[in-house]
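Undergrad: Residue numbers (the numbering used here), protein chains in the order written: chain R, -2 to 311; chain C, -2 to 311.
Worth flagging that the hints you see were computed from the coordinates, not collected in a lab.
Repeated chains share a single entry, so a pair holds when one copy, or any two copies, can fit it.
Dumping the calculated SDA-like pairs for lysine to any residue here, alpha-carbon to alpha-carbon at most 20 angstroms:
{"#": "1", "residue 1": "K247", "residue 2": "T275"}
{"#": "2", "residue 1": "K28", "residue 2": "D141"}
{"#": "3", "residue 1": "K247", "residue 2": "A263"}
{"#": "4", "residue 1": "K247", "residue 2": "T278"}
Single-letter residue listing:
Number of protein chains: 2
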Amino acid sequence: MTPATPSPPTFNRVAMIGIGLINGSLAKVLKRDGLADEIVACSRREETLTRARDLGIADRTTTDPAEAVIGADLVVIGTPTGAAGTVAEAIASTLDRRAIITDVGSIKSKVIDDVLPHLPFRGRFVPGHPVAGTENSGPDAAFDTLFVGRHCILTPIAETDPDALATVRALWEAAGSRVEIMTPAHHDQVLAITSHLPHLIAYTIVGTVADLEDHLQTEVLRYSAGGFTDFTRIAGSDPVMWRDIFLHNKEAVLEMLGRFSEDLSALQRAIRWGDGETLETLFTRTRAIRRGVIAEGQAYQRRAAVSDRRLDED
Amino acid sequence: MTPATPSPPTFNRVAMIGIGLINGSLAKVLKRDGLADEIVACSRREETLTRARDLGIADRTTTDPAEAVIGADLVVIGTPTGAAGTVAEAIASTLDRRAIITDVGSIKSKVIDDVLPHLPFRGRFVPGHPVAGTENSGPDAAFDTLFVGRHCILTPIAETDPDALATVRALWEAAGSRVEIMTPAHHDQVLAITSHLPHLIAYTIVGTVADLEDHLQTEVLRYSAGGFTDFTRIAGSDPVMWRDIFLHNKEAVLEMLGRFSEDLSALQRAIRWGDGETLETLFTRTRAIRRGVIAEGQAYQRRAAVSDRRLDED
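Bound-form chain R, shown alone (with noise of 0.2 angstroms):
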């Protein structure tokens, strides 16, 4: 069923335009592997810069994404969505006509719509979105096995070469990853239940405690041990990324966020009316999704394990 692991793909330079967990830790796999002869790293901030050097994750670096992209074969776009058109405005001029353009935004329609104006190689842009994190950000937080096991969804437009989308593909199965193909729209509506919505309503509820009294706020980072401790890590998330992802996929989030809304409106009044028999009933069918997800997650191990000689390495 899986096809037989492709050679990883080389690069004579790839510029990482941001250089946080995302960008970072795929540096790493390329760094690890010998994939890339250089790294130039793109960074607002000088000391994110520093640190990426320190790190040994970036041979050169600048603040200048125009310069950055000078001569690169591979350009990863790494910033907050909401900055990835202005990216693509300042680097159209400088950059090579062969080289391939892709990023790891959390969204696509949204980037695609405002990165392509600015190219002038269509052809050459691969959007993709690694689904992997932790709820750390920038060059610190990154390590070079973040991509293992988890999927890559890739989406490209109509205009895209076929071998620039192989050559992206390839990198992100040398990280380990398990890639997918949809549209953008399509990822766009999968992302927002599985990973939007549980960040908004993770930020709610942590915001919720952070407007306590403050005796009671004390006590509830205490005894958070009983559920609380896993929203606290997704909402420790990085701010402006998931600003940015909320803003941009608006309509999607909306959407799933009213279903949820309604849904909960019907708990909270089952609840008031004692309704024990819908709490149980709903509960009991979660009870099966939970194990839908095992059972996904199980599968996907065992077809990795025969197909992705990296995960063998785990």
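With chain R's structure known, arrange chain C on it following the hints.
TA: For chain C alone, coordinates are given in the frame of chain R:
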């Protein structure tokens, strides 16, 4: 600051009413450390009792609570909280007058209201709640380190004998827990937000997914790594236990749910109107809370490392 660890208490006969994750794990601690000459397990289901015997966590078993408590010097009620009153009524006439009765329920006020009228000797009742668990249930889910490093909250009533309280405290400390004392009402308020509301929300969002169109649901399960997995873990918890918790801590849960819903509406509005500043401000605050949770955990680990021999063994 922390008193020296007391000697673990020993018992002639411990009656476990209900032998699931919590009571099963406590039974494993008693067996491991030789703290009980005999453990009698009671459950309505014969297959559960067979597993308890096979796992070596019960020396004797019975489906009759009244029989289980005969000659016991410790009785641990570990049923869903909705059954605690029925259990108390059933054991009242066969209970030894010196037997300590405790429970492990996640809500305290309602359990005390249900149990107390049936007890012939109120001074021996020590309501308790080990804040520990996994999403798995039944005796097969039990393990003897479940309570290590976790809080156990005891909520003595006005009549509780100091020696009974001290014995139950020492029992949980022997299991590796950090014991805290508070009033039943305060316990229920703190747990409503640290545990009950997070569970309610997790149940809701996983239920929302369960109602999605089939093709979308399949993909949600596949890409659930991006935040949703944490929710499915929580929402995989025991349905009957959680039904009872929501029904019996109704006031505190509805109060916290009201605050949460207001906050969620405010965020929804910010997304709809593109108010990025409100989003970023909140997300920055919640990140600070996350750091508070981590700091509280680390502070506890440091205290525990010097004061608790069991943690040292870890």
